[in-house]
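J.: If you want the building blocks of each chain, they are given just below.
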Amino acid sequence: MTIGFPHSKMIARLSAIASLSQADAARIAQLPIRLQNLPTGHDIAREGDHVEQCCMLADGYLMRHKLGAEGKRQIVSWHVPGDIPDLYSLHLNPIDHNITTLGPAVVGYIPHDALNQMLNASASLTHIFWRETLVDASIFREWVVSLGQRGALARIAHMLCELLARLRTVGLAARNSFLFPASQIDVADATGITPVHANRMIQQLRAKGLVTWDGASISIADPAALAALAEFEDDYLHHRRPA
Amino acid sequence: MPRYFFNVRYGEESYRDEVGEELPDNSAAWHEATTSAGQSIRDLNGRLVPGTAWYLEVVCEDGNTLYSIEVKAHQSS
Numbered sequence: 001m002t003i004g005f006p007h008s009k010m011i012a013r014l015s016a017i018a019s020l021s022q023a024d025a026a027r028i029a030q031l032p033i034r035l036q037n038l039p040t041g042h043d044i045a046r047e048g049d050h051v052e053q054c055c056m057l058a059d060g061y062l063m064r065h066k067l068g069a070e071g072k073r074q075i076v077s078w079h080v081p082g083d084i085p086d087l088y089s090l091h092l093n094p095i096d097h098n099i100t101t102l103g104p105a106v107v108g109y110i111p112h113d114a115l116n117q118m119l120n121a122s123a124s125l126t127h128i129f130w131r132e133t134l135v136d137a138s139i140f141r142e143w144v145v146s147l148g149q150r151g152a153l154a155r156i157a158h159m160l161c162e163l164l165a166r167l168r169t170v171g172l173a174a175r176n177s178f179l180f181p182a183s184q185i186d187v188a189d190a191t192g193i194t195p196v197h198a199n200r201m202i203q204q205l206r207a208k209g210l211v212t213w214d215g216a217s218i219s220i221a222d223p224a225a226l227a228a229l230a231e232f233e234d235d236y237l238h239h240r241r242p243a
Numbered sequence: 244m245p246r247y248f249f250n251v252r253y254g255e256e257s258y259r260d261e262v263g264e265e266l267p268d269n270s271a272a273w274h275e276a277t278t279s280a281g282q283s284i285r286d287l288n289g290r291l292v293p294g295t296a297w298y299l300e301v302v303c304e305d306g307n308t309l310y311s312i313e314v315k316a317h318q319s320s
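If you're matching them up, the sequences are chains A and B in order. Under our numbering, the residue at position 138 of the first sequence is numbered 138, and the numbers go up by one with no gaps. Under our numbering, the residue at position 53 of the second sequence is numbered 296, and the numbers go up by one with no gaps.
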């Protein structure tokens, strides 16, 4: 059986957190996924939208964000290929936040009907998707800890450690390097600091020799030291350990 | 939009902003300076020592200092 490009990303992503049977992988491979190329800053869904399809990221990044006081944006999560950030919409519709592309992205739209049919046919897949939403919630808890308890330098370091760990599961962080087209303002809005402060923290990470960050290209020079600075422990990502 | 540079000095830790940030006007730069100052002092995480001072200055593209914020720590004996 030939598995399509978006399907294989989804299978790789789910396999990172759960053991996927061949039968379930075959069910995913049969999902109707409509691919679409999207430009930077494209809103896939806005708060209040009623949607009838889920969006699986096949290439690039997505962010979820909400607007707070005075229209200030808080980015609440990043998404890497294989993620389905609006999986919630199967049960929580209309959507309660915004989902936007960070840089150009390729997404695959999957009709709710097709997802529901697939899940109704497989209790094990339903459990895996349930696990996926629990992992999503765990990532949010860690984000809350960052915003509430970590200093700005550790927040950014933690964000980079998490991106690296999540990108590795879908084979996108060779030699600890990856593309991440976030502006200083995006980083600031994700970590709850001003762009000026974010810029200063990024300079500090560079000066410490922990990362090189050149435009959209990030390379983690010393992942262990960066993790120590961030107090990053990857347990909360609940990735399966290699047997 | 004009570019503003935000330099910080505290003890041995001095940071000269080489990148700067484009902001609509001086008042936006002041807003950014005060918010950043609050966040930077929070990040000192208890390391502000009595008898020292923490500075932030906002420098314009022409090199002139537009604003400065100074936080002096004292211990009354």
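Just to be clear, a hint being listed does not mean it is correct.
To be verified - Now the in silico label distances, taken between C-beta atoms and shown as ranges:
| # | chain 1 | residue 1 | chain 2 | residue 2 | range |
| --- | --- | --- | --- | --- | --- |
| 1 | B | 245 | A | 114 | 22 to 30 Å |
| 2 | B | 296 | A | 49 | 44 to 52 Å |
| 3 | B | 257 | A | 147 | 24 to 32 Å |
| 4 | B | 316 | A | 72 | 25 to 33 Å |
| 5 | A | 140 | B | 314 | 33 to 41 Å |
Worth flagging that the hints you see were computed from the coordinates, not collected in a lab. In this text, all values refer to a predicted model and were calculated from it rather than measured experimentally. Using N, Cα and C, we set each Cβ at its ideal position, and we do this for glycine too.
J.: All hints are to be evaluated individually against the structure, with a verdict given for each.
T.: Status of the hints after comparison with the structure:
no.	hint	verdict
1	B/245 x A/114: 22 to 30 Å	52 Å, violated
2	B/296 x A/49: 44 to 52 Å	51 Å, holds
3	B/257 x A/147: 24 to 32 Å	28 Å, holds
4	B/316 x A/72: 25 to 33 Å	30 Å, holds
5	A/140 x B/314: 33 to 41 Å	34 Å, holds
Going down the numbered hints, you'll see the structure goes against just number 1.
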